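Hey, can you work out the whole structure from these sequences and the hints?
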Amino acid sequence: MTWHTFFAMGGYADYVWSAYGFATVVLLWNIASAVHRRRAVMKMLRELALAEQTPKESAAQHYVH
Amino acid sequence: MSHNLLGTARCIFQRDLLLAWRKPADVATPLAFFVIVTSLFPLGVGPEPQVLSRLAPGVLWVAALLASMLSLGRLFAADHADGTLEQLALSPHPLTPLILVKVAAHWVTSGLLLVVLSPLLAMQLNLSGHAMVTLAITLLLGTPVLSLLGSVGAALTLGVRGGGVLLSLLVLPLYTPILIFGAGAVTASASGLDTQAYFSLLGAFLLLALGFTPWATAAALRISLD
Amino acid sequence: MTGRRAVAEEVLLEVVNLACARGDRTLFENLSFSVQPGELLYVQGANGCGKTTLLRTVCGLTQPAEGEVRWQGTAIRQLAEEYRNLLCYVGHANGIQGDLSAAENLRFGTCVGGADSHTRIASALQSVGLSRAARLPAKFLSQGQKRRLALARLLVSARPIWILDEPLTALDVDFGATMNERLVAHVTAGGMVIITSHQELAVTVPIRRIRLDS
Amino acid sequence: MYKYASPKNFYALAGRLVPWLGTITLLLFVFGLYLGLYVAPPDYQQGDSYRIMFIHVPAAWMSMFVYVLMAGAGLVGLVWNIKLADMLATASAPIGASLTLMALVTGSLWGKPTWGTYWVWDARLTSELFLFFLYLGFIALQAAIDDPRRSARAGAVLALVGVVDIPIIHFSVIWWNTLHQPASIGSLGKIIAPTIYPTMLHPLLIMSLAFFLFFFTVVLIRMRGEILARERHTGWVMQIVRSDANAPEARP
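Chains as they are written, first to last, in this note's numbering: chain X, 628 to 692; chain W, 4 to 229; chain V, 3 to 216; chain S, 339 to 590.
Because the hints were derived from the structure by calculation, they are not lab data.
Since the model is a prediction, treat every value here as computed from it, not as a measurement.
We put the beta carbon where it would ideally sit given N, CA and C, even for glycine.
Certain hints may be false.
What the hints assert, rightly or not - In silico lysine to aspartate or glutamate, EDC-like type, Cα no more than 20 Å apart, as pairs: (1) K421/S x E70/V; (2) K141/V x D85/W; (3) K421/S x D484/S.
To be verified - Here are the simulated distance ranges between beta carbons: (4) G75/V x V417/S: 17 to 27 Å; (5) D484/S x Q680/X: 21 to 31 Å; (6) V168/W x I658/X: 28 to 38 Å; (7) V417/S x D197/W: 41 to 51 Å; (8) Q680/X x G214/W: 34 to 44 Å; (9) L88/V x A667/X: 43 to 53 Å.
As the list claims (entries may be wrong) - Examples of chain X residues toward chain S, derived with CB under 8 Å: (10) Y639; (11) N657; (12) R673.
Quick look at the structure:
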């Protein structure tokens, strides 16, 4: 079996590869959105923690940055 | 001397009917919707009698389904806004049977009226006499299930933003079995087939819904009041 | 066994380590108190500190985040109907339908509350000064009259525990005084009252106070 | 076991499990795809187009499994008031919905060479479509309610009603399908069933296991996010946030 016949999928390449392509997109979206959601929560919590500090402190911290 | 459950149930039933009687516009709106939607179909698909009678079971059932869903807003919203629902939840009687009574009163002022209207619209769509009777029977068995399933959705979306559209998203998928067997029975009857199996199935759905949904609706109401 | 029972009967309504939250804001936590027969508990605190939530939790409408409310030593969640049978709650919402008359509203309210009311409706309406409005659709009543109609449920249903959320709002001074008398009568007869109010309570019985925001 | 029912311990445990589960999932996917796309011979009727089965069928199975799991978790959260169960239900919904969509799209791509059209009101596809709507309803309901506790409990009630209705919908659709479809068009399931050989069964089972573990990997990551969001007032989350804030630029 050559690579060519493998990719040709007996003439059904369009259907098979678009199905597998779509499945890959869905699986990757799942991972990306799960990771992104956790990061977004973490970012929000960091902003919250920052906002709860007194203005003076956060100004000083900003200056150090 | 305290009221028994039946006394309270009768009290709720009478009150809801009385309110519907005093606010006829609220009752009439979903019925008007039912009539208008079914009257629009001939304009869309053409007036040929054969085409109409072929489409009639589905059109009538889908329109009844939507009309029944639209009437759900009336089920709990006013009682939620004015605090009556809190009083129901604090009643010394269990909430589940009280909910069943409310849904029953609601069905009498929505689903039952759809049944009464259906022969008129069936005539408009050129449905045969026999199929017309079948339509009325399936609506009689099916619309209570729609009200019962819908009550869960209505309770869940109480006071939630975008409640109306959300309600349709929650409730319509749950309605599919009723649509399939309701419209299926009318189609079968129009082509002269036996409809006994459909009636039995719709009856079974009704029993199942009676047993299960009031409990879910009561739970949903307590969640919405929390 | 008997000793425990005696203690349990002494403490009737008990709030144990209660914590309530709205969204993810904690309104109050570690709140404990008890109410005895013949006591009036006045719940105080700034707006939004959870007075209404506390009252609804004591009713069993709202589930606490932690802790529990007990009646005679048993959690009200388990007692359910048995506990609700002792309760009359008048919240912010009056529970009045504008398209029903005042008498119909009161009859429905007491019927849902499980009390047989046929004989007492008229006298209750009279004692809240609404007998002439009995057949008027409730939508034509003023805010104060609606409040009075809601409070009339207390008189008809004859329950030992009254839970009242701002009962005096929108009431005129005269009826405010009548309401205070009713509270005194209820407490003197061995009833219990848990109440929030912006107006000072002018009652002649001792008041127990708790502050939620301190 | 009970120790891990606290959000704090579960967060740590999930964090340790995710890399392992992820690696096993990846290996299973590679092995399953190798068997399914390379080793398994073409079907004598459908040629190579049947290979879509190796993703369509696991996705369809998972879509139903996830809904049942969601309803079960919702019930546990509702009755015993366990936050982790609520979070499991909420975290499962988008994954379940996306797998349902995958089953729909791959099913319709398989349908084109088999039936000559992308969409046929076949029993399995129609059931999947309504399952997708049920998922959308659950997600929309939870998104519309701000209070996390009310949102979780309302979702649980909806999922429970849905899980009772799903078999009824499925059975109704099959009945309806046999009434309305001409006999020449069989359902996808019927086409596979008689022709399944071990060479086709093995990749199917391995791909199913891969999907199963994939779901658990992703649901654990999602639950970690949910835990952080819902427990944000607790000391241990604040500590994590502070230690994370010390090196914010260190991460990509």
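Now for the hints, and whether the structure bears them out:
| no. | hint | verdict |
| --- | --- | --- |
| 1 | K421/S x E70/V | 18 Å, holds |
| 2 | K141/V x D85/W | 12 Å, holds |
| 3 | K421/S x D484/S | 16 Å, holds |
| 4 | G75/V x V417/S: 17 to 27 Å | 23 Å, holds |
| 5 | D484/S x Q680/X: 21 to 31 Å | 26 Å, holds |
| 6 | V168/W x I658/X: 28 to 38 Å | 31 Å, holds |
| 7 | V417/S x D197/W: 41 to 51 Å | 44 Å, holds |
| 8 | Q680/X x G214/W: 34 to 44 Å | 56 Å, violated |
| 9 | L88/V x A667/X: 43 to 53 Å | 48 Å, holds |
| 10 | Y639 | 4 Å, holds |
| 11 | N657 | 5 Å, holds |
| 12 | R673 | 5 Å, holds |
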